[in-house]
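Colleague: Take a look at the letters that make up each chain.
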Amino acid sequence: MSALLHFWSTHRGELATLVGQHVLLVAASTLVAVAIGVPLGIFAARRPRLASPLTTIANVVQTVPSLAMFGFLLPVPLVGGVGARAALVVLILYGLLPIVRTTIAGLRGIDPVVREAGVAMGMTDGELLRRVALPLALPSIIAGVRVAAVVGVGSATIAAAIGAGGLGEYIYRGLSMVDTTVIFAGAIPAALLALIVDGALLWTERQLTTRRRVRRSAAAIAAAVALVVATAVSGVAARRSRDVIVVGSKNFTEQLVLGELVAQSLERNGFTVDRRLNLGGTLICERALLTGDIDVYVEYTGTALTAVFHQPIANDSSQVFDTVRELYARTGRTLLPPLGFNNTFAILVRGDEARARGLKTIDDAARESPHWRAGFGYEFAERPDGFPGLARTYGFRFPGPPRVMDLTLSYRALASGQVDMIAGDATAGLIKGLDLVQLVDNRHYFPPYDAAPVARAETLLRYPGMRTALDRLAGRVSADDMRAMNYAADVEHHDITRIAASFLDQLRLR
Amino acid sequence: MTPAIAFRDVSFSRPGGRVVLDRFSIAIEQGIVLALVGRSGAGKTTILKLINRLLLPDAGSVVVEARDTREWNPIELRRRVGFVLQDVGLFPHMTVGKNVAVVPELEHWPEARVTARLAELLDLVGLPASQFASRWPDELSGGQRQRVGVARALAADPPVLLMDEPFGALDPLTRSELHGEFRRIQARVRKTVIIVTHDMGEAFALADRIGVLEEGRLAACDAPAAIAASTDPRVRRLLDALPAIPRP
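Taken in sequence, the protein lines are chains A and B.
In terms of this note's numbering, the first sequence is residues 1 to 510.
In terms of this note's numbering, the second sequence is residues 1 to 248.
One thing to keep in mind: the hints can contain errors.
EDC-like, lysine to aspartate or glutamate: derived pairs with alpha carbons at most 20 Å apart [said to hold, decoys possible]: (1) B:K98 x B:E120; (2) B:K98 x A:E116; (3) B:K49 x A:E492; (4) B:K98 x A:E127; (5) A:K432 x A:D481; (6) B:K98 x B:E111; (7) A:K432 x A:D495; (8) A:K432 x A:D420; (9) B:K98 x B:D157; (10) B:K49 x B:E111; (11) A:K432 x A:D505; (12) A:K432 x A:E492; (13) B:K98 x A:D111; (14) B:K98 x B:E65; (15) B:K49 x A:E116.
I should point out that these hints are in silico values taken from the structure, not numbers from a laboratory.
Whenever a hint applies, use it, and build me the whole structure from the sequences.
Modeller: Structure representation (structure tokens):
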């Protein structure tokens, strides 16, 4: 708690900016959603044939996960790309459904006698709408706006993934840094914001419904509570039965491939495996391994050293490995031998630009930096061994602060020219697929990130064959192998299970 | 004198094809109260809707103030014809005062004139503005709501007032009270009133003339005394339906 207060007090200015961005995103998107949704609802309420397809479309839009939506929009001109504009488009699309629906419901719910009275008194269509129908439907419409705004506060946290800012930036940063304080620093103000928005609109709705007895006060709050409970329950429900080895992975392609490699290696040695792949980041894998929710996953030595154990960075590969193995051992985990590739950060530029300007090393990039824009993932932007140290070592002088965005999206942002330099993974398949060039770390700035499985010691003791199975992978996966598998998954869209299986088949022949 | 409203050989069928009015004709003089009596489905409400152009006849013509309803601008026509519905249909989101002021405000009367008219009308229907203007419809009794409905229909001083079973949903005591009120009001405003009812007793209580509807045609149309003395079996049936009061 005191750490949280300390974080807020040291990040006052940034916090205020992020809250401001968040409020602005939600307010602007909700207003536009109202401006589009209410007329659409009015239009549809009069035409029953239109109302149901319209609601269906809005429902479908709602079910698209927001991060996927950002991905779809990235290459779209005008509305796409990275930044606040694309985030607004997504938030508006999400806000439309509840508003259209409640507008239709509100207008349809009006007593026909009241309408008839209006017509008989000589009201024109417009007068009937303005003086009778809309005022009577207003409480219902406001209820829809309330849902849209509260959902918007939540969805806007995801907007940080495409560099639109907002409180999601702390949440992503915290997840990447394995730092709950930073997560809470963003999550708590976001939750408060949702409560404030909900309360303010509920109050408005009540003011408007004083003439009627209908109260739907608790609905949105109940939904929010249900969401939290569901998340908690699904975490608890992830309990496992005995005699099964649970394999975990983080939520990016390479980790999914490595998770499959580990899982299938175990299966080929007769174990029953439960896959908990796609866990949301280092923090979640680390916690899951500690509590026994998973038994094994593949970690990178440099990440473990700095992000899990908060140790200063070091550049010697075997020294880092030994330190990390020691630290894991103290907490009941065993770091197995490295797989054979180093997934260090790769400073990437566009291939055509690298060839045109003869860029080979990071020093070359530093020279170009005064007229470049950089884009980084949360982790790299914040970590001491990320951009701050890199800028010092190489003397980068970018004209503006780097755009902070989701790592996977940053490759496409670079390829489409929205940024000029990113820090990616050295093994990323997209490097090959998008014609990106990795610059040489000529000053040896980046620490080693050797991939190695880390397992619960307890599980290894219980299943002696498990260690043997995993040791067969040691030193057998090269950086080229990894990049090829990532390429097959990311660019050629092959099935990850098949990619892992055919790699294991090849290993036997080598 | 030209009649305020005239139906000339008006025929009207519902979309399903059922004939509601069959060459129906009537001339209604200015300033009288005409009660149209008939059983449910006899076409009473249809006649009212034809007058303010909520419906148009299939054949024949409906003439209001010497002009065919087909030639009237429907909005203009409806604002010159007050309408009191059985279910009143007060706007629940407006106070009593706002409800009564709807048509004057649609007609963009100056505010002072609206306020003065409001006080006058609420007084007329026995609901003093000082007490009732800021009340909400759901705070009123059924009888009070119906009075507000009458005040609202009279607001812009229309020459014609249509009433569709206006007292049908009220208890007998309140109804009889409102009958008295109605006669008192009519004595002051002298509108051309067409009131639709299935209750012959109500027709006798209120009307200057009574029209009896049977199968889409006018079976009889006369002064109450003449109707009471009628030997026409179609009229007698409705008269016989009146409850006899047992003698002590």
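Colleague: Hint by hint, say whether it matches the structure.
Modeller: Hints, one by one, checked against the model:
1. Of the supplied pair hints, the one linking K98 (chain B) and E120 (chain B) holds, its CA atoms being roughly 14 Å apart against a limit of 20 Å.
2. For the hint linking K98 (chain B) to E116 (chain A), the alpha-carbon distance of about 17 Å falls within 20 Å, and the restraint holds.
3. Restraint check: the Cα-Cα separation between K49 (chain B) and E492 (chain A) comes to about 70 Å, which exceeds 20 Å; the hinted pair is violated.
4. Proximity of K98 (chain B) to E127 (chain A) is assessed by CA-CA distance (about 15 Å); at most 20 Å being required, the pair is judged to hold.
5. At most 20 Å may separate the alpha-carbon atoms for a hinted pair to count; K432 (chain A) and D481 (chain A) meet this at roughly 13 Å.
6. For the hint linking K98 (chain B) to E111 (chain B), the alpha-carbon distance of about 12 Å falls within 20 Å, and the restraint holds.
7. Between K432 (chain A) and D495 (chain A), the direct Cα distance comes to roughly 18 Å. Compliance with the 20 Å bound is thereby established for this hinted pair.
8. Annotation: proposed proximity of K432 (chain A) to D420 (chain A) holds, straight-line Cα distance about 17 Å (limit 20 Å).
9. Taken as a hint, the K98 (chain B) and D157 (chain B) pair is honoured in the structure, with Cα atoms around 16 Å apart against an allowance of 20 Å.
10. For the proposed pair K49 (chain B) and E111 (chain B), the alpha carbon gap of about 31 Å is over 20 Å, so the pair is violated.
11. Between the alpha carbons of K432 (chain A) and D505 (chain A) the distance comes to roughly 24 Å, so the proposed pair goes past 20 Å and is violated.
12. Under the criterion of a C-alpha separation no larger than 20 Å, the hint pairing K432 (chain A) with E492 (chain A) is consistent with the structure, at around 11 Å.
13. This hinted pair checks out: K98 (chain B) and D111 (chain A) have alpha carbons roughly 18 Å apart, not beyond 20 Å.
14. Among the hinted pairs, K98 (chain B) with E65 (chain B) is inconsistent with the structure: their alpha-carbon atoms are about 29 Å apart, more than 20 Å.
15. Between K49 (chain B) and E116 (chain A) the alpha-carbon distance is near 11 Å, which keeps this suggested pair within the 20 Å criterion.
The earlier numbered hints that this structure contradicts are 3, 10, 11 and 14.
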